[in-house]
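Novice: Residue numbers (our numbering), protein chains in the order written: chain A, 1 to 239; chain B, 240 to 528; chain C, 529 to 850.
Hints in this document: simulated from the structure, not taken from any laboratory.
Because the structure is a prediction, the values reported are computed rather than measured.
C-beta atoms are modelled at their ideal positions from N, C-alpha and C, and glycine is treated no differently.
All clues stand as given, with none of them false.
Computed footprint of chain B on chain C, listed as stretches where at least three residues anywhere in the stretch have a Cβ under 8 Å from a Cβ of chain B:
| hint | segment |
| --- | --- |
| 1 | 627-634 |
| 2 | 638-649 |
| 3 | 804-811 |
Simulated restraints, written as ranges between beta carbons of each label pair:
| hint | chain 1 | residue 1 | chain 2 | residue 2 | range |
| --- | --- | --- | --- | --- | --- |
| 4 | A | R216 | C | A808 | 40 to 48 Å |
| 5 | A | G42 | C | D709 | 21 to 29 Å |
| 6 | A | P40 | C | A778 | 50 to 58 Å |
| 7 | C | R632 | A | R216 | 35 to 43 Å |
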Amino acid sequence: MTGATVLELHSLEVAYGDQQVVWGVSLEVRDGEVVAVVGPNGAGKTTTLLATAGLLRPLGGQVMLLGARIDGLPPHAIVERGLALVPEGRRLFGGMTVRENLLLGGYPARARRARAATLAEVMDLFPVLAARAHQRAGTLSGGEQQMLAIGRALMARPRLLLLDEPSLGLAPRLVRRVFELVREIAARGVTVVVVEQNAFQALAHADRAYVLSGGRVAAAGPARELLAQDEIRRTYIGL
Amino acid sequence: MIVVQNVVFGALVGGLYGVAAVGLALVFGVLKMLNVSHGELIMLGGYLSVWLFSLWGLDPFASLAVSGPVLFLVGAALYLGLFGRLVPLHDEEKLKNSILIGFGLALILQVLAILAWTADERAIPTAYAGQVWRVGPVVVPLARLAAFAVGFVALGGLHLFLNRTDPGRAIRATAEDWQAAALMGVSVRRTYLYAFGLGSALAGVSGTLVSIADAISPSIGLPWTLKALIVVVLAGLGSIFGTFVAGVGLGVAESLSAFFLGGVYREVVGLVLFLVVLAVRPSGLFGRA
Amino acid sequence: MRGVAAAALVLGLLAAAPALTDRTAVLNWLFLVLLHVGIAQSWNLLAGFGGQVNLGHAAFFGLGAVVARVLWLGGMGVPWALLGGVAAAGAAGLVIGAPSLRLRGAYFAIGTLALAEILRITFANAMPNVSALTAAQLGAYTLAPRYYLALLLAAGATAAAWGFSTSRFGLGLAAIREDEDVAAAIGIPTFRQKLLALLASTVFAGLAGGVFAYYHLSFYPSFAFSPIWTFDALLITFLGGVGTVWGPVAGAAFFVLVREALALRLAELHLLIFGALFVAVVVALPGGLMQAGAALGRRRGPRARGPAPPPRPRDTSTRSPC
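Next up, chain A with everything else stripped away, as it sits in the complex:
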């Protein structure tokens, strides 16, 4: 943890199709942190991530990765600079095997050289993937698919890992496992941003958090503090 800023969003404005969804979101993520972005459905969390990763071009504002502007760059260029996104619904290549998915994760030039070693690391972190290496990704269970999706993203040896709704569709036991994984990954030096509707788990495992609502930042601060606030609990966690 060096405290250096890995990701900065400055007054980001993003449209999805013909509708503007994000109306000026600013946030920053520091090296080694786990930052949670929570909020209700339609708040613009996923759209923010998509814009950060380059799949959507912002209408306004800036995205800075490791001090350099990346808004406007194509996704593959952003990935080359050290960002990896595990999209909502995982978006695995169902027709390809587990191993092929992982190999593709290691496609960026920055990761290709050490790919064999990284592959071994990921298999080590997720033994189930090693066991099912030659199975088609589409035949894995929900939890296994999530492991594969995260493993695939790690194959890119990212500095920053973005996770969009990693707990979606998972049993509670697996959800907890996913968040424990997030902390393990952070411990290995990867900065993580988790977008989640399951605010409780996300806030419980994060260092800091942002609450998004209606395309804007409604609240921000250390995760524990936000978790303790009655307003937040009532509105976004329902406790």
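Place chains B and C on chain A using the hints.
Specialist: Frame of chain A, contents of chains B and C only:
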């Protein structure tokens, strides 16, 4: 026994249908565009081989090394100049407009061919053209057999490329989910370019293989595009091998219907089959196996 | 009303043309223009207004041509022969239309392409000999009646196009063009409307074929099914303006002009030029060249990157259908 003879002949022709279809399927699978000038690219490949033979006596099998790369470049140029501009469109409009462009391109290429080589048929009179292999009562034309084998090997090479190499995996990934592929660091536009070029290269290879045993004329474009289309529709986009087999199947079906029903039905049976399949499963038509 | 007056004036002039000039070259040229207006406008009815790209247009042109020719040469009076051709084309349109219109966009296009090819091959085999006029018919051949029929064709097809563009039926078609699912949801009988557009298109295509058959001294029946007629329809319509009333008219005039001018040099050169122009127009289409053309190729949101994203929230485009 004449039936067996027909089946063999049809299968040999059908192998080339398969190669042609794989080229078309590759472009459609990756870019979601239908290049209906694919047949004209095949025609160009054939003319290239005819030309190289008449100029320098280059054996058509050897000219494969030229027609493939040359048509790759032609395809790349067509992508950069025309088809690539359709990329930002929604799927349905993109597909429709690609068909329109292909339609116009087919006309342009056909006219260029007529201007360059006249409307007459051109053939390659190789020394081995008429040689046959007798297997019992069945006569197997050697040149066609060799072309069939080469086509099969070419598809085998493509299979290896798509499954064992990084660029190949990138192409498959882009075909399945271009956004996810982009998140893997794959340049989607560059992949589109390669895929279009590769599909066109396969057309060039098909054309050369056609020129080995058949005559080339400017008007073979549309029939070949339709053949490739029929095979793709029959086989789906699942596997290269499946497409090859469907091509062979079409060839055999054509031969048999010509034999049993009369010569005119050779061409028509495939087209009718095509329409039937279109009618029966219109949306899952190009669905994955 | 000024547009109608202008149209009436043009129509009057055209009707008087055989009286105003006795130079057959001019009349011939006018005839060709009017014929091509018919070919293009008939295609435009289904494609430009109906939004369905028919790549087998030649099939209906060919049916109209061959049926009319056979009936006429068989002794039937010209009007009845033409009607026969029209009926054949219209019937084919209905028979084919019902199942094929269920195919969306691209599949309809390639399906009709295959269909036309089937007909071309079938007629090439069934009627391989050239259809020629007898000596008596050659002797009785005058250009005037053919000219007037072509004028009727062009005027009728253009009137239909005008009707499509101004009527409630046309509004429905425009809605279908823009988004068929939404149109169906708001109560527009999409299938029936598309079928009617197809019928109108094939009927006029059949009439055009009949006029062609009545005009030519001799031709191979399979030639009437050649894809070149579909090409011509597309080229002219796209250059003139897809989905506009006067586009095919202007396009046809330009097309025939250039073709006749170049015919002395290289016969196929005009195809090259028009083909290139056509492709250029299609490629440029997403930029909004023609209002109706823009409906054929709608871009997704202004800020998206690369290929269009999968539609998640329903695209709330506020573009008006006309």
